[in-house]
Amino acid sequence: MKKFFFLALLGLCSFQLSAQTKFMTRTGTVNFVAEGAVKDDVKATNNQAACVLDGATGEVVFQIAIKSFVFKKALMQEHFNENYMESHKFPKAVLKGKVMDFAKIDLSKDGKYNVEVAGEMEMHGVKKQIREKGMLEVKGGKVILHSDFKVTLADYEIAIPKIVEEKIAKVADVSLHMELAAAASK
Amino acid sequence: MKMNKKTKILLLLVLLGGLVGGSIGLYLWFKPVPGIESLETELTVPANDLFMAYETDENAANEKYLNKVVEVTGLVREVKTNEAGFPVVVLETDDMMFGVICEFESKDQLPRDVQVGALITIKGLCNGKLLDVVLNRCLFIN
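Residue numbers (my numbering), protein chains in the order written: chain A, 84 to 269; chain B, 138 to 279.
Calculated directly from the structure, the hints in this document are not laboratory data. A quick note: this is a predicted structure, and the numbers were derived from the prediction, not measured. Note that CB positions come from ideal geometry on N, CA and C, so glycine has one too. Just to be clear, a hint being listed does not mean it is correct.
[Stated by the list, open to error] Partner residues are not named here, just some residues of chain A that face chain B (Cβ under 7 Å, in silico):
| id | residue |
| --- | --- |
| 1 | Q146 |
| 2 | K150 |
| 3 | Q160 |
| 4 | G202 |
[To be verified] Mimicking EDC-like on lysine to aspartate or glutamate, the simulated pairs with C-alpha atoms at most 20 Å apart in a straight line are:
| id | chain 1 | residue 1 | chain 2 | residue 2 |
| --- | --- | --- | --- | --- |
| 5 | A | K172 | B | E195 |
| 6 | B | K205 | A | D123 |
| 7 | A | K210 | A | D238 |
| 8 | B | K168 | A | D123 |
All chains should be modelled from the sequences, with the hints used to inform the complete structure.
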């Protein structure tokens, strides 16, 4: 009986631990493809996204440095930064939100959940309310967030000139993949 | 229709110009992103100074460092490989949690013997600050 109490206490402690922990990464991956009718490899990768998930509340913050997107073609990367995203003025995109129905998720054991994140995304100086679907996976103490969603460029006042209209899609496919490890809360 | 000599030369010149312009255009269009080694270092700064500049005034720090090729010196706090398989180094700062994070340009860019606690210098492009100050396309200097 004593042993049982001890185990129960231990279990409670470890639950408390996971509930209070923040999960974090600074090497998350974000890919986007904005291929228009004329195929021209309009895609880029960013391996430096930061993400913090509060294990107690489900609040989540993503931060992405626009200049960390790497393209194959130098000119495309230049246009992306200077003309479209104006990354000298708006160096980062931030998404602050909350994982919906977070109470249903048990971070103390492995499992996969379909989730929705609702919140506010700020990009190119424009703030917009969003709600996107994704997958949350608890695996070996890590929390893996994955989501594929679409971003309508016009929503963020990103203007594509007529001359390249055929090459750049009006709606970009964005995919993000974050492997968050437990971090001591600050 | 018979062309006189002048028209012929003019036509030839236009053609030639088009060819040259076109190839320059194509060259520029297909030019890959240049490697960091071909870019001149614009600023040299200790890792902690860079981080603190961002902590104190992010806008001013962006004015100074954003999109610049910087050479940063500091102690290695953490070495790892990111999800994409590139080596990543976090340099020590006075902040307990965050520092200067550097993603290397290629997989074999970071010497194997670089360990936590080593004093190293890295050249890279400054992309601003998220949790850490972010540098990418980095090159190991020494």
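Quiz item: So which of the earlier hints does this model not fit?
Solution: 4 and 6
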